[in-house]
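Participant: As they're listed, the protein sequences go chains A and B.
Take the first sequence: its letter number 174 is residue 173 in our numbering, and every next letter is one higher.
Take the second sequence: its letter number 10 is residue 9 in our numbering, and every next letter is one higher.
There's no promise every hint is true.
Treat identical chains as interchangeable: a pair holds within one or across any two.
[As the list claims (entries may be wrong)] With a Cα cut of at most 35 Å, we get these calculated DSBU-like pairs of lysine-lysine:
#, residue 1, residue 2
1, K15, K206
2, K210, K236
3, K170, K180
4, K242, K206
5, K242, K170
6, K180, K51
7, K180, K236
No lab work stands behind these hints, which were simulated from the structure alone.
Protein chains: 2
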Amino acid sequence: MNSTIELLKSHRSIRKFTDQPLSRERLETLIEAGQAAATSSHVQAYTVIHVKNPTNRETIAELAGGQSYVATGGAFLLFCADMKRPTEAAERTGARVVRGMTEQLLVASVDTALMAQNVAIAAESEGLGICYIGGVRNNPQQISDLLGLPDHVFPVFGMCLGYPAHDPDVKPRLPVAAILKEDTYSDDRELVEDFDETMRAYYQSRKGGPKDTNWSQNLTPLFDTKLRPHMREFLVKRGFEMK
Amino acid sequence: MNSTIELLKSHRSIRKFTDQPLSRERLETLIEAGQAAATSSHVQAYTVIHVKNPTNRETIAELAGGQSYVATGGAFLLFCADMKRPTEAAERTGARVVRGMTEQLLVASVDTALMAQNVAIAAESEGLGICYIGGVRNNPQQISDLLGLPDHVFPVFGMCLGYPAHDPDVKPRLPVAAILKEDTYSDDRELVEDFDETMRAYYQSRKGGPKDTNWSQNLTPLFDTKLRPHMREFLVKRGFEMK
Chain A
0 MNSTIELLKS
10 HRSIRKFTDQ
20 PLSRERLETL
30 IEAGQAAATS
40 SHVQAYTVIH
50 VKNPTNRETI
60 AELAGGQSYV
70 ATGGAFLLFC
80 ADMKRPTEAA
90 ERTGARVVRG
100 MTEQLLVASV
110 DTALMAQNVA
120 IAAESEGLGI
130 CYIGGVRNNP
140 QQISDLLGLP
150 DHVFPVFGMC
160 LGYPAHDPDV
170 KPRLPVAAIL
180 KEDTYSDDRE
190 LVEDFDETMR
200 AYYQSRKGGP
210 KDTNWSQNLT
220 PLFDTKLRPH
230 MREFLVKRGF
240 EMK
Chain B
0 MNSTIELLKS
10 HRSIRKFTDQ
20 PLSRERLETL
30 IEAGQAAATS
40 SHVQAYTVIH
50 VKNPTNRETI
60 AELAGGQSYV
70 ATGGAFLLFC
80 ADMKRPTEAA
90 ERTGARVVRG
100 MTEQLLVASV
110 DTALMAQNVA
120 IAAESEGLGI
130 CYIGGVRNNP
140 QQISDLLGLP
150 DHVFPVFGMC
160 LGYPAHDPDV
170 KPRLPVAAIL
180 KEDTYSDDRE
190 LVEDFDETMR
200 AYYQSRKGGP
210 KDTNWSQNLT
220 PLFDTKLRPH
230 MREFLVKRGF
240 EMK
């Protein structure tokens, strides 16, 4: 295993940071590494807001479900899918632009994620820790208003970055035999049941304190309610009509 | 700049590969590195199909818009968003599962992309080249039928991997000043115009042969038509109703 693969496999979310901020220069290096990721048809359908204003960071920490490290880490970045820049660029060449296609939502979301994952890896390669904040989708409209996001731009997730002030365990993942299938989709229920045992053992011995649960049980609150039911209306309002 | 950031910044899509195939063991190493990426609430909403059957690879190469390297590279992987596994796991614990939320489509697409980008970086760190194949969304139903993808699973993109047999240029990206904004969204039209000049110069001198165009002009065919207009109906049919 080479050192890059070792780095990738050592990822865990960091949620406690020292006070040391990240310089603009440092962030630019990370974002440039992010931009080097593949992008669908070179569209680069993303924008990153570096939220420096302390009051706004506190507001976003609350809006994201009370995640205090959004306000206190070295930096907080909001990763946005951005279809405004490329569609307006095309319009300036005289194109009659069609917006709101479902495919455009996928392109922009995937572009943003590929880019952010490069940022995460670049940060971790520099000894920083990171945590994705999907909780920004709890209140995407309020966050968009706060940061002046225009139509055709929406927050996909945030990321806290900084110097780690704790050392959590690496969380196990599903067996590779479940994820990597040969030629056709196949049932993997037995592997999931094995993984439930792995996760039960992990939760009983983890540094963060024991918990009596497993993977399948943990998923229940995600799926037994309408998860973020405002997302459809929010996206439509912002110009992602999913046509 | 450390060696990982150098690796990230050296990415370019590889579309010509030697005949050397990738072993299952090698692929498992890459997928395990992929799985180490962050995943929303640990849901791991992805499955990867390693398409080995040569006839199916040729069919997918055609269905993806005549991309021959899908059939000829060291390996072809289809990255699928998978909400079947986690929702069925939750159901087995007795949860009454709600499916088809827009948010679930986002979670699964982003999870798949974060994971795939780790696979891409792991592969490149081992001297392999990769190319994402968004073209699988040209004919997602046919590809789903070919590989027996069940409901609640859909192909987000493919990836060709193998030993590079050419050495293309690294393509420029938008200026970081356009992508990384401070505190609020701001206009970046002038930076886009500068970038159009950068891209014009790139296209005139690139190894692949000169082309008289720029970034904005290149985007026109993406946006002046209904891009992959079947995606909405396809996703709804497969259980991603975007409610």
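Participant: Taking the hints in turn, state whether each one holds.
Facilitator: Each hint tested on the structure:
no.: 1; hint: K15 x K206; in the structure: within (14 Å within a copy, 47 Å between copies)
no.: 2; hint: K210 x K236; in the structure: neither (41 Å within a copy, 38 Å between copies)
no.: 3; hint: K170 x K180; in the structure: both (22 Å within a copy, 33 Å between copies)
no.: 4; hint: K242 x K206; in the structure: neither (46 Å within a copy, 39 Å between copies)
no.: 5; hint: K242 x K170; in the structure: between (38 Å within a copy, 31 Å between copies)
no.: 6; hint: K180 x K51; in the structure: between (44 Å within a copy, 10 Å between copies)
no.: 7; hint: K180 x K236; in the structure: between (39 Å within a copy, 23 Å between copies)
Hint compliance for this structure: hints 2, 4 are not met, and every other hint is.
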